[in-house]
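Given chain A, work out where chain B should sit, using these hints.
Residue numbers (numbering that gives the first Met the number 0), protein chains in the order written: chain A, 0 to 310; chain B, 0 to 97.
Mixed in with the good hints, there may be bad ones.
Claimed, not checked - If we take Cβ atoms under 10 angstroms as the criterion, some of the chain B residues that face chain A in the derived model are:
hint, residue
1, TRP8
2, HIS30
3, ALA31
4, PRO32
5, ASP33
6, HIS40
7, ALA41
8, ARG42
9, ARG47
Claimed, not checked - Taking lysine-lysine pairs in the BS3-like style, the calculated list, with each CA pair at most 25 angstroms apart, reads:
hint, chain 1, residue 1, chain 2, residue 2
10, A, LYS183, B, LYS18
11, B, LYS70, B, LYS80
12, B, LYS18, A, LYS186
What the hints contain is simulated information worked out from the structure, not anything from laboratory work.
Where is the CB? At the ideal position from N, CA and C, for every residue including glycine.
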Amino acid sequence: MAEVHTHAEGEHDNAYAGLLVNDAHWAFGTDFEDPLAGVDTTVPDGVDPAELAAYCLMLGDDALVFSQRLSEWCSNAPDLEEDIALANIALDLLGQARLLLARAAAADPSIVPVLPDGSPVPDEDRLAYFRDDQHFRNVRLAEVPTGDFAEIIARVLLFSTWRLALFERLSRSRDAVLAAVAAKGVKELSYHRDYVGRWFLVLAQGTDESRSRLLAAVNGLWPFTGELFSTHAVERSLAEAGAGVDPAEVRDEVLGVLVHVFEASEVTPPPSGTLAGVQGRLGRDGVHTEALSRMLAEMQVVARAHPEGRW
Amino acid sequence: MSEEIRAEWPLYEVFIRGKRGLNHVHVGSVHAPDGQMALRHARDVYTRRNEGVSIWVVPSADIIASSPEEKDPLFAPSGDKAYRHPTFYEIPDNVPHM
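Bound-form chain A, shown alone (with noise of 0.2 angstroms):
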């Protein structure tokens, strides 16, 4: 049953006072609820369970790369807010990341790095620490350097219109893990999406410097969105299954999400133009920029140096 908040005395000084109902141990708000409560985590009838593996890795490093670009803005953005704003996005990453890699390593444990014996990782940090960038299955646009504040905010709005339209489609996947990580994401990528989109406006009509900043990001990372809706073949096999969504299909409704924001804010979309791969092989078949490699040996380091560590 239920416990009943009554007032102590001197209450009203502390704002967090009142939420402090039915739980002792956390400081505010209790209503955490677990995606997966409840979730059937056999792999549906029909889908290919390495292929599966292989899927929820390409969505997982999506998230996990772009998630480690977010966080180097911690302590460095404009304001505190701004700072706290990125950091809370690219923890929604790291959630989406972490229960995407440890669908990867339920569905097809053959793909998750060997440790020493008595190890206490788990799988989706053993994914996430120990692959080296060439089995990152992530797209190049998540692997960027770090620009300017108008950089991150130009690729968190293709990002998340990007991810949120695949989401949307993928919260009705015939596997009910992956349906139930992409509901959890909509809510997530929307205000995400929303927040970056005020900025885009806030930027392109600010000062000329803060348009131009902008107008160079949008230049700078256009190149990187042609990736986005190209189709591997591992998702065209997903999406065939009912399993996954092909990206091809969120193209339109992406870059008039795009167009849209871009005509408000007065801002002319640049010609199309791809950044081209190698022999035809991309971020999703382990193709990437060199600064994939540099950015998670710093991320990777502590990590490796302690393959036994608890953390």
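Here is chain B on its own, set in the frame of chain A:
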């Protein structure tokens, strides 16, 4: 483009309602370029531990506050009027948030 460039964003006071039925309570302030961004900053800074169901932001400059020098004339006269307090009623245990 804007004519006037200020070095700092204006300040907004933030009020959060923790649960349906509770009042909005002042929790702090944020800097923001405009009210809509202030709302988002307040969401990011003050509700990241699941504290809120509703947020108000108000430009700090629009708040008209009493001054500490006025403390006695404003508040001292009510200090000895116990008959104004509802302390002679028993509040049932199942009435929350009184």
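Each hint tested on the structure:
Hint status for TRP8 (chain B): holds, given a least beta-carbon distance of 7 angstroms to chain A, under 10 angstroms. Evaluation of the HIS30 (chain B) hint against chain A yields a held restraint, the C-beta minimum of about 6 angstroms falling below 10 angstroms. The restraint placing ALA31 (chain B) at the interface with chain A holds, with a minimum CB-CB distance near 7 angstroms, inside the 10 angstroms limit. Here the hint on PRO32 (chain B) is kept, as its CB sits about 6 angstroms from the closest CB of chain A, short of 10 angstroms.
For ASP33 (chain B), the shortest C-beta to C-beta distance to chain A is roughly 8 angstroms, which falls under 10 angstroms, so the interface hint holds. Given the 10 angstroms rule on beta carbons, the hint for HIS40 (chain B) holds: about 4 angstroms separates it from the nearest Cβ of chain A. Taking 10 angstroms as the C-beta contact cut-off toward chain A, the hint placing ALA41 (chain B) at the interface holds, the least distance being around 9 angstroms. For ARG42 (chain B), the interface hint holds, since its Cβ comes within 10 angstroms of a Cβ in chain A; the closest pair sits about 8 angstroms apart.
Hint on ARG47 (chain B) holds. Least Cβ distance to chain A is approximately 6 angstroms, under the 10 angstroms limit. Annotation: proposed proximity of LYS183 (chain A) to LYS18 (chain B) holds, straight-line Cα distance about 22 angstroms (limit 25 angstroms). Of the pairs offered as hints, the one joining LYS70 (chain B) and LYS80 (chain B) holds, with about 17 angstroms between alpha carbons and a cut-off of 25 angstroms not exceeded. Distance restraint check for LYS18 (chain B) and LYS186 (chain A): the Cα-Cα separation of roughly 20 angstroms lies within the 25 angstroms cut-off, and the hinted pair is therefore satisfied.
Checked against the numbered hints given earlier, the structure satisfies every one of them.
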